[in-house]
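Residue numbers (the numbering used here), protein chains in the order written: chain A, 9 to 427; chain B, 23 to 302.
Treat the hints with care, since some could be wrong.
[Stated by the list, open to error] Derived CB-CB ranges, DEER-like:
1) V57(B) / A108(A): 56 to 64 Å
2) P281(B) / P187(A): 26 to 34 Å
3) W60(B) / E214(A): 21 to 29 Å
4) R321(A) / S71(B): 50 to 58 Å
Simulated from the structure, these hints should not be mistaken for laboratory data. Think of the CB as a built atom: it goes at the ideal place given N, C-alpha and C, for glycine as much as any other residue.
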Amino acid sequence: MKSGLKLAFLATASALISTSLAAETLFWSTQARPIEETQAMREQVLAGFDGAVTFEPSDEGPWQTRLEAELQAGSGRIGVLGALHGNFTPLVEGLADLSAVDVSAVAPGFVELGRLETDEQKYIPWMQASFVMAAHRDALEYLPEGADLMALSYDELIEWAGNMHRESGEPRFGFPAGPQGLKHRFFQGYMLPSFTGSMVTEFRSEAAEQAWEAFLELWTHTNPASTNFSFMQEQLISGDAWVVFDHTARLADAFNERPDDFVAFPAPSGPAGRGFMPVLAGVAVPTTAPDMDASMALINYLLEPETQIATLRATNFFPVIDVELPDDMPPSVQAAGAAIAAMSGADDALPALLPVGLGALGGQFNQIYADTFERIVLARQPIRAVLDDQAEALRRLIEEAEAPCWAPDAMSDGACPVN
Amino acid sequence: MSDVTIAAPREEDVHRAGRFVFWAGIALLVLWVLVPIWFLFVNALSAPSEVTSFPKRFWPSFDLASLQFFWNFQGVTAALWNSVKVAVLTMVLSIGMGAPAGYALTRFDFPGKEFFRILVIMTRAFPLPLLALPLAVMFIRTGLDDTVLGLALVHTMLALPFAVLITFSLFSGIPVELEEAAWTLGCNRLQAVIKVVLPLALPGIMASAVFAFVISWNEVFAAAVLTIENRTLTAFLLQSLNVSPLPLKFAGGVALVMPALIFIFAVRKYLFAMWGIANR
Numbered sequence: 009m010k011s012g013l014k015l016a017f018l019a020t021a022s023a024l025i026s027t028s029l030a031a032e033t034l035f036w037s038t039q040a041r042p043i044e045e046t047q048a049m050r051e052q053v054l055a056g057f058d059g060a061v062t063f064e065p066s067d068e069g070p071w072q073t074r075l076e077a078e079l080q081a082g083s084g085r086i087g088v089l090g091a092l093h094g095n096f097t098p099l100v101e102g103l104a105d106l107s108a109v110d111v112s113a114v115a116p117g118f119v120e121l122g123r124l125e126t127d128e129q130k131y132i133p134w135m136q137a138s139f140v141m142a143a144h145r146d147a148l149e150y151l152p153e154g155a156d157l158m159a160l161s162y163d164e165l166i167e168w169a170g171n172m173h174r175e176s177g178e179p180r181f182g183f184p185a186g187p188q189g190l191k192h193r194f195f196q197g198y199m200l201p202s203f204t205g206s207m208v209t210e211f212r213s214e215a216a217e218q219a220w221e222a223f224l225e226l227w228t229h230t231n232p233a234s235t236n237f238s239f240m241q242e243q244l245i246s247g248d249a250w251v252v253f254d255h256t257a258r259l260a261d262a263f264n265e266r267p268d269d270f271v272a273f274p275a276p277s278g279p280a281g282r283g284f285m286p287v288l289a290g291v292a293v294p295t296t297a298p299d300m301d302a303s304m305a306l307i308n309y310l311l312e313p314e315t316q317i318a319t320l321r322a323t324n325f326f327p328v329i330d331v332e333l334p335d336d337m338p339p340s341v342q343a344a345g346a347a348i349a350a351m352s353g354a355d356d357a358l359p360a361l362l363p364v365g366l367g368a369l370g371g372q373f374n375q376i377y378a379d380t381f382e383r384i385v386l387a388r389q390p391i392r393a394v395l396d397d398q399a400e401a402l403r404r405l406i407e408e409a410e411a412p413c414w415a416p417d418a419m420s421d422g423a424c425p426v427n
Numbered sequence: 023m024s025d026v027t028i029a030a031p032r033e034e035d036v037h038r039a040g041r042f043v044f045w046a047g048i049a050l051l052v053l054w055v056l057v058p059i060w061f062l063f064v065n066a067l068s069a070p071s072e073v074t075s076f077p078k079r080f081w082p083s084f085d086l087a088s089l090q091f092f093w094n095f096q097g098v099t100a101a102l103w104n105s106v107k108v109a110v111l112t113m114v115l116s117i118g119m120g121a122p123a124g125y126a127l128t129r130f131d132f133p134g135k136e137f138f139r140i141l142v143i144m145t146r147a148f149p150l151p152l153l154a155l156p157l158a159v160m161f162i163r164t165g166l167d168d169t170v171l172g173l174a175l176v177h178t179m180l181a182l183p184f185a186v187l188i189t190f191s192l193f194s195g196i197p198v199e200l201e202e203a204a205w206t207l208g209c210n211r212l213q214a215v216i217k218v219v220l221p222l223a224l225p226g227i228m229a230s231a232v233f234a235f236v237i238s239w240n241e242v243f244a245a246a247v248l249t250i251e252n253r254t255l256t257a258f259l260l261q262s263l264n265v266s267p268l269p270l271k272f273a274g275g276v277a278l279v280m281p282a283l284i285f286i287f288a289v290r291k292y293l294f295a296m297w298g299i300a301n302r
């Protein structure tokens, strides 16, 4: 009886232990995580690939932990990695050289970012996105006189938000300041560059002080529940916010569900220009990939024009290569595409790049901007003192990383100065 | 109670008020649990446009689009099955190891007993994201990676402290005299445990098994790192749900809550039994 039990247990244990040794390429991604995007990636984007692919999206924490475990163990299952530029920077050592992949069709600036400041091609640009503004059509009647929606200034935006607040009785501007919200990108790539022409160097300048004062004013017309908002499409649809700022992929649902109700438009401009931030996602291969050839084949497939268009439909991230977009794209793509084009094509356009050269310190860099927001706007601490304080933290961080300046800050010898 | 005689006329009032507070408290607690679950179901069974509209409906419109999308989402059924396998295995392992440990803590004095009790709780002192990396490295090297057994072992580690401590208090509540009586009637130590102690403790043991089941069912991080093809439902869904549109969040919420609810409902009499014993 006893030995029978033991045998039965061993049998189940061995049955549970045996894994299917699949010859599929595992595509381990932090992108396309929302369930509908995952489904579309599998059924519309990757179904056309010759080999077998398993697309597994994952939170950034488990994504990185799993990858590090495989690198440390010296063998792994992951064939291809998909992630944002910032996800790759702490992992340079574990990424295989992809110089063999033909990237001639990809924008050279993106290819350069993909080298992660090494001599090797660490990741291949995969898709891009940006942040834009969106509004409910009802909000347009409150636009200040003479303001051009496609070329707003920060002053006009504040006036607009104020009009809505006064005349509708409620603060109607919405800002993604929630736990999953991308507020730091607004300060890094939009507000501060627009006012100071800089992301880092002029962090505590007088112009930056004015920027924060302007934001404080905007905040008085902002839905106070914004500290819970992370995906502004939800508040657009529910009506909790009429005018919002967010990532194009996080606005897509609003346009696709009710295309006639919403408009997308460029981010506003400040005294120094119209700051905006392109977001870049890439694909890479870990050095422990089980089948290097299959991984390379998948990456080549992802760069094909048809795949890039299918990816755009699936994820609302735009192609990194020059392709002619068909006319039947979803409303979200048409709206966001027009807004991005107007933004990057504006006379006063001021592109601000994702942080370069910070390596593993990228997360702390974001935290500095988020902390500054919390202290000034939520805790109401004096702007000057907070900026001086956080500038010190910023300087320490940049010096620790020895990161030279990146756009829009002027090139520097050595670590980027924080004046 | 000394002034009971003075306040005698009002005693009934006091009782009535007490009863009222008692039932109001119960109603509040019941609503506290049921209202969110009710809204979860209403929203999961409503059309997406109704979910985002206001005011909220009280009765669902029985639009199954969200749930249907969910059910057809590739891998949901496999993940559900994996969750059940891992949870059951966790349950078996944690009781198989936890109950003997709990018994030993009750009935025997051994050197380092107090230290052992602290040690058991210590396993919960380290956050899983910290442990996941070395665990994953070890699992990949030993071949436990991406297996149901490997994940169940990790979950057992999480559930074990509770299993040990719950069974410890269970066994403490069963008088040693009963066992001694069994010995005098010819049982040896093991027989006494199996024939006398276990039947008395069984409901409580089942309850702590349910607890282990729920711990395993709800665990995300280890499951997300240690499995790829054999993902559990929680790991499979939770990471996607927090970035998905609202209607799908509700549908996914139902998919996650439903099986656990059914399971707990099925074993509810054991849960109540544990409270009975603990109060003895």
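Against the structure, the hints:
1. Checked against the given bound of 56 to 64 Å, the beta carbons of V57(B) and A108(A), roughly 59 Å apart, stay inside it.
2. Distance hint check for P281(B) and P187(A): the Cβ-Cβ separation is about 28 Å, which falls inside the suggested range of 26 to 34 Å.
3. Judged by the Cβ atoms, the range 21 to 29 Å given for W60(B) and E214(A) is violated: they are separated by roughly 55 Å.
4. At roughly 22 Å, the beta carbons of R321(A) and S71(B) sit outside the given window of 50 to 58 Å.
Of the hints listed earlier, those the structure fails to meet are numbers 3, 4, in rising order.
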